[in-house]
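Engineer: Spelled out from the first residue to the last, the chains are:
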Amino acid sequence: MELYLYIALFAPLVGSLYAALFGASPKSYHTGLIASGLLFTSLVSSAILLSYVMGGHTVHVELMTWMATGDLYIPFGFVVDQVSVVMMMVVTIVSTVVHVYSIGYMDHDKGFNRFFSYLSAFVFSMMVLVMSDNFAGLFIGWEGVGLCSWLLIGFWYHKESATWAANEAFIMNRIADLGMLIGIFLVYWNIGSLQYDVVFAEIHNLDQKVITWIGIFLFIGAMGKSAQFPLHPWLADAMEGPTPVSALIHAATMVTAGVYLVIRANPIYSEIPDVGYFIASLGAFVAMFAATMALVNRDMKRIIAYSTLSQLGYMFVAAGLGAYWVALFHLMAHAFFKALLFLGAGNVMHAMSDELDPVKMGGLYKVMKGTAILMILASVALAGIWPFAGFFSKDKILEVAFSSEHYILWGTLWITAGLTAFYSFRLIMLAFFGEERYKQYGFHPHEAYRFMLVVMSPLALLAVIAGWFEHDFVRLVTTLLPGFEFHTHHVELMLIGVTSLIAVGGIVTAILMYRNGPLSTKWEEHFCYKVLINQYYIPKLYNEIFTKPYGALSRFAWKEIDIRIVDATVDMIANAIYKTGENTRDIQNGNLSTMLRWMVIGLVVLLALAVAFTVGYNAIGA
Amino acid sequence: MEITLTHYLVLSTILFAIGLVGIMRRKNLLMLFFATEILLNATNIGFAAISHYLGDLSGQMFAFFIIAIAASEVAIGLGLLIVWYKRTGKIDLDLMTSMRG
Amino acid sequence: MLDHILSILIFFPALAAMLGFVVAKDSIRAYGITVAAIEFVLSLWLWYAYDPMSSGMQFMESAPLIPAFGINYLLGIDGISLFIVILSTFFTLIGIASLTETRRVKDMIITLLFLEMTMVGVFAALDAIVFYVFWELSLVPMLYIIGAWGGPLRIYASVKFFLYTFTGSLVMLVGMLFMAYFYYQATGMWSFSILEWYRLILPENFQLWLFAAFFLGFAIKVPMFPFHTWLPYAHGQAPTIGSVILAAILLKMGTYAFVRFSLPLFPDASVFFMFPIAAIAIIMIIYTAMVAYAQEDIKQVVAYSSVSHMGVIILGTFALNVEGVSGSVFLMLAHGVVSGALFLLVGVIYDRRHTKLMSEFGGLASVMPRYATIFGIMMMASVGLPLTINFVGEFLSLLGFYKQSHTYTLIAGTAIIVGAIYMLAAYKKMFFGNVTNEENKKLKDVNKTELIGLVPLVILAIWLGVYPKPVLEPINNSVESVIQLMHDKAQSSEAKARIPNLSDAGAMKLHQEAH
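These protein sequence lines are chains A, B and C, in that order. Converting from the first sequence to the working numbering requires adding 11 to each position, the first position being numbered 1. Converting from the second sequence to the working numbering requires adding 9 to each position, the first position being numbered 1. Converting from the third sequence to the working numbering requires adding 420 to each position, the first position being numbered 1.
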């Protein structure tokens, strides 16, 4: 089985390096094909590992030592257990689909080979992240996906907005990574190891306060990757990257790394329910907060991005309340339908020559039937309608909240479920139905390549059926994750009913409101609209209170402090010495009588000193 | 009135002061030599007087040394002075500033 | 030959440089490369022959110089200095091989070989006077390189560089003399041998004063805030090769000296000054990173980033535990590789456009893709991405200091944020966007000569990031003995507590195994 583990892990790396060899050369299909083929190999290996793990085994290997000094010992160790194998499956399935899809999507792009190199490198990093058996290895993957995310967001590097967004994403993630790093330090100095098994076995021996700090700092790391408030703005801006990237990185895999971390570190978070409750509350807040921004946005990809943010909030609610398997379940289901949604959006973008405003679309159903059906499927799954995947996973989260008697959280999530359904179908209605407004803007939409649709279909299938395997899933992952005791059997059906009701309500409202196209522009004058379309003014605020002052302070530090104070002081000392020399050079004017005069003065001074010291010395001596 | 050590020392001091002032004030190189000689002889008087007072001959020995050194110094110094005079025609101190810093 | 390998390593380049005067101008380049290559191979041989399991000094040589005062020609290498020596020979080789300077090449190569002698000498010396001599001698070739091949302000920059570092060193010399005098008083014999000094336990107030004296010399060399202002001028005016050697090797002398002198000689003072120095290190990290962000000149960005990284090294050194000190020694190497490479890269673009202003560029990624890739890799290494060389050192340094203080490390950890900010901003200005400047449209990508220098550095930056063990292990063993020595010598209870006792831990492990 070790062999399959290594194949699953390193096949993407090989693909990446292969594509990198041709990085600067013009487009050649074989890079895309080989990278996709290798990813498929990785997928198959993961599947074999999955069946092996389902038999109740785990695979744990140690490749080699990475860092060893003092008492610190960090190996490159990898573990395939019930949790990581699920993640591996999710990552490889989505990335294989995205790779093949990208062959079509990036067809006309100059950077075709480069793109595949980055994309496969990302998959490799993600595999390291989920397969590592220690926190340091996790951090390698963590930063690796950050790097690939930076490369891919800024893929079209000639665009100012893209490079800006790439840097923003990297730096915001770095802020969170510091928290993560501190969490790792805390773990090391209190336990003496970074291996998961050692840490989780020892963690309950620690002081409650220390565990709390560990939990908080690790979660700060998770907040960055998973774009939780207040580190969320990068995710929406990250939509500057090519759409397959958004599907793979910023919807299905990388952004869920934070959730994965909390799930993986469940023995830590189980010890500190207060932090868990905070995580859950933040998650619920973000779920609602992001959903509201999605309501009014006029950028297709941003709407889906906010939706991702909102769903990540859901996952954190589950994870924070101790229902780790539920979080993982929603993570998996979400990966499938959200990736599908993004890829559909990619088709629409292509059709509309990169136009993203759904208001300028309308009636696309007629020309893009396949894409439309796939996107509707994904939206229904996202809205959580039975029997689609989203229903099973999202409903469970609401149940968890209710069962833990956190009714406010439940209420928030319940309302958000309605909002989710609403904004999803607002997008569908605006883009695919109603009047064909794109004609006014002179677009000539066309359906994407057939193979792109075909390759999306596995995701569609999974978006539909993934929820049906809930019981198998639970059996698999609860051998590692703690189970969750539901106390809601008496109201279960009622809860499902209420939740489904609001979801259907959201869909119906959206269909009714947007059946004739966009709302009147009068609404855009409204205060609420302005707040929401400006993302609660948070990006502006960050720009005003962080970015600009940092720049100003930096210039001040350089021009005023460094040059005017620090360096000037040094120069002043040097100048003082120099000036002293300059002023006293008259002594050496070469005139013998002046020099003799100075000599006499010196003599007198020395004599006086000698006398003074003798007298002084005698005085002390006496 | 008996002439005591004090008188000799006062004489030596006066001579030394004269020499010092001469060194500082005179611009003529020749005069400078005179002033130097006065300085040296002022110390010589001091040496001889104290030597006599203490009954120790080493002071007078030093005085002889100084006389010898002063003589050789004057010999070399005057030699240089003559060369200088031949070259420039002047022996004014203010004009000798080639060692200016 | 192995018995005298250190002497050979030191004086072979110097002798070769003397002979270089008679070599014909056309063949001086080949001559220089050959000499540097032989020297590099010799240093690799040194590594091969080095016993990584032993923590003490190896290849020791001793010859009396001034026996009356206990001044000996005493050389030796341990895990801490071994790799810096190799780094010095490596960079001299790379520097000469990828030299693009066209003016007075012969003088340049001879100067570089002399410089190599002084660098190897500093790191191999175990006698304080020999150390001091090489330490000061290293200023002369660098003064010449900056002064003769530098930019318009070169005289000012080189004089500033020389006088500033020289002043600091003089104070250090006084410290050394006093140290030897103290040794004389304690034992009745003169000795300038560092190893002899190690055995001496100084009273705490003496330690404080001596620490301060040594500190000034080292701090200016590192350079630590607020003594850093000579560095931007030196880098700004120095030719590429000068900046490369200065950043990669010469700055390491200061941090190396902290590990070699300050820690083991003055353990109590090290603990006493730990937090003030950590505060300075934090200022270096954050403040210079901000200054770097404000720069308009790419070379100044790299120069200030050096100071910022040196802050992390200092922090790791003063963690006073194995993790931190090993990390800081490793980071010295890492920073050498990365900053050296970055200066080479800046040189590449300067050779083409004769400007280093970032506003002159933009969109270079499409004109010079290979250049952009290498620059990108090195930038990521500088930012401290895992699996690059810098991360190992940075991680261990911060990890080490975390044992001493949570808050300080949390603040110092912002290095990973502020570092990313200035580097990414600079990269964006240089490489991203559209090519707006006409002159940039037909720039040539990196050529073979430049690749000779850059490719090994890229390989090194990744190789040692993925597999640091061959380097980290010898460092670790030697650092362990330094830490143990410090613990044994420490007098105050605070120092005893701050500096871990490794023999205890070892004893405990054995104890556990017995059960």
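Take these hints with a grain of salt, some might be off.
Claimed, not checked - Distance ranges between label pairs, derived from CB positions: (1) N37(B) to F586(C): 24 to 30 Å; (2) E716(C) to V611(A): 24 to 30 Å; (3) I575(C) to T97(B): 34 to 40 Å; (4) M70(B) to P623(C): 48 to 54 Å; (5) P623(C) to I574(A): 40 to 46 Å; (6) F586(C) to G64(B): 34 to 40 Å; (7) T775(C) to D218(A): 55 to 61 Å; (8) L422(C) to Y561(A): 38 to 44 Å; (9) H41(A) to A517(C): 32 to 38 Å.
Stated by the list, open to error - Okay, derived cross-link-like pairs now, PhoX-like style, lysine-lysine, Cα gap no bigger than 25 Å in a straight line: (10) K862(C) to K170(A); (11) K559(A) to K570(A); (12) K526(C) to K861(C); (13) K849(C) to K170(A); (14) K220(A) to K823(C); (15) K371(A) to K541(A); (16) K526(C) to K38(A); (17) K38(A) to K170(A); (18) K570(A) to K861(C); (19) K170(A) to K848(C); (20) K551(A) to K848(C); (21) K541(A) to K551(A); (22) K170(A) to K864(C); (23) K38(A) to K121(A); (24) K570(A) to K849(C); (25) K848(C) to K559(A); (26) K38(A) to K916(C); (27) K526(C) to K121(A); (28) K450(A) to K533(A); (29) K861(C) to K121(A); (30) K551(A) to K170(A); (31) K541(A) to K570(A); (32) K121(A) to K864(C); (33) K36(B) to K95(B); (34) K916(C) to K559(A); (35) K170(A) to K371(A); (36) K916(C) to K849(C); (37) K849(C) to K121(A); (38) K916(C) to K551(A); (39) K889(C) to K121(A); (40) K849(C) to K445(C).
Since the hints were derived computationally from the structure, they do not count as laboratory data. For each residue, glycine too, the CB sits at the ideal point set by N, CA and C.
Engineer: Evaluate each hint against the coordinates.
Structural biologist: Structure-based check of all given hints:
For the hinted restraint 24 to 30 Å between N37(B) and F586(C), the CB-CB distance of approximately 46 Å leaves it violated. About 58 Å separates the C-beta atoms of E716(C) and V611(A), a value inconsistent with the hinted range of 24 to 30 Å. About 38 Å separates the C-beta atoms of I575(C) and T97(B), a value consistent with the hinted range of 34 to 40 Å. The hinted window of 48 to 54 Å between M70(B) and P623(C) holds, with their beta carbons roughly 52 Å apart.
Restraint check, P623(C) to I574(A): a C-beta distance of roughly 42 Å satisfies the suggested window 40 to 46 Å. A C-beta distance of roughly 57 Å is found between F586(C) and G64(B), which places it outside the suggested range of 34 to 40 Å. Hint check: T775(C) to D218(A), Cβ distance near 58 Å, so the stated range 55 to 61 Å holds. Against the hinted window of 38 to 44 Å, the Cβ-Cβ separation of L422(C) and Y561(A) comes to about 54 Å, which falls outside the hint.
The hint said 32 to 38 Å for the Cβ distance between H41(A) and A517(C), and at roughly 36 Å that hint holds. Between the alpha carbons of K862(C) and K170(A) the distance comes to roughly 21 Å, so the proposed pair stays at or under 25 Å and holds. Restraint check: the Cα-Cα separation between K559(A) and K570(A) comes to about 16 Å, which is no more than 25 Å; the hinted pair holds. Simply put, K526(C) and K861(C) have alpha-carbon atoms about 34 Å apart, too far for the 25 Å limit, and the pair is violated.
Pair hint K849(C) plus K170(A) holds up; C-alpha atoms about 12 Å apart against a cutoff of 25 Å. Straight-line distance between C-alpha atoms of K220(A) and K823(C) comes to about 17 Å, which keeps the hinted pair within the 25 Å bound. A threshold of 25 Å between alpha carbons decides the hint, and for K371(A) with K541(A) the separation of about 20 Å falls inside it, so the pair holds. Straight-line distance between C-alpha atoms of K526(C) and K38(A) comes to about 46 Å, which puts the hinted pair past the 25 Å bound.
A threshold of 25 Å between alpha carbons decides the hint, and for K38(A) with K170(A) the separation of about 21 Å falls inside it, so the pair holds. The suggested pairing of K570(A) with K861(C) is violated, with an alpha-carbon distance near 33 Å, which exceeds 25 Å. Proposed proximity of K170(A) and K848(C) is supported: the alpha carbons are some 11 Å apart, at most 25 Å. Proximity of K551(A) to K848(C) is assessed by CA-CA distance (about 21 Å); at most 25 Å being required, the pair is judged to hold.
For the hint linking K541(A) to K551(A), the alpha-carbon distance of about 13 Å falls within 25 Å, and the restraint holds. Restraint check for K170(A) and K864(C): the C-alpha separation of about 23 Å stays at or below 25 Å, so the hint holds. A threshold of 25 Å between alpha carbons decides the hint, and for K38(A) with K121(A) the separation of about 6 Å falls inside it, so the pair holds. At roughly 20 Å between alpha-carbon atoms, K570(A) and K849(C) fall within 25 Å of each other, so this suggested pair holds.
Straight-line distance between C-alpha atoms of K848(C) and K559(A) comes to about 17 Å, which keeps the hinted pair within the 25 Å bound. Among the hinted pairs, K38(A) with K916(C) is inconsistent with the structure: their alpha-carbon atoms are about 64 Å apart, more than 25 Å. At most 25 Å may separate the alpha-carbon atoms for a hinted pair to count; K526(C) and K121(A) exceed this at roughly 45 Å. For the hint pairing K450(A) with K533(A), the CA-to-CA distance comes to about 23 Å; that is within 25 Å, so the pair holds.
Distance hint between K861(C) and K121(A) is fulfilled; the C-alpha atoms sit about 18 Å from each other, no more than 25 Å. Taken as a hint, the K551(A) and K170(A) pair is honoured in the structure, with Cα atoms around 21 Å apart against an allowance of 25 Å. Only pairs whose Cα atoms come within 25 Å are accepted, and K541(A) paired with K570(A) is rejected, the gap being roughly 39 Å. Distance restraint check for K121(A) and K864(C): the Cα-Cα separation of roughly 20 Å lies within the 25 Å cut-off, and the hinted pair is therefore satisfied.
Between K36(B) and K95(B) the CA atoms are separated by roughly 18 Å; this keeps the pair inside 25 Å, and the hint holds. For the proposed pair K916(C) and K559(A), the alpha carbon gap of about 46 Å is over 25 Å, so the pair is violated. Of the supplied pair hints, the one linking K170(A) and K371(A) holds, its CA atoms being roughly 23 Å apart against a limit of 25 Å. With a CA separation close to 50 Å, the supplied pair K916(C) and K849(C) exceeds the 25 Å bound.
With a C-alpha separation of about 22 Å, the suggested pair K849(C) and K121(A) falls inside the 25 Å cut-off, and the hint holds. Proximity of K916(C) to K551(A) is assessed by CA-CA distance (about 52 Å); at most 25 Å being required, the pair is judged violated. For a cut-off of 25 Å, the pair hint linking K889(C) to K121(A) is broken: about 40 Å separates their Cα positions. Taken as a hint, the K849(C) and K445(C) pair is broken in the structure, with Cα atoms around 40 Å apart against an allowance of 25 Å.
The structure does not agree with the numbered hints 1, 2, 6, 8, 12, 16, 18, 26, 27, 31, 34, 36, 38, 39 and 40 stated previously, though it agrees with the rest.
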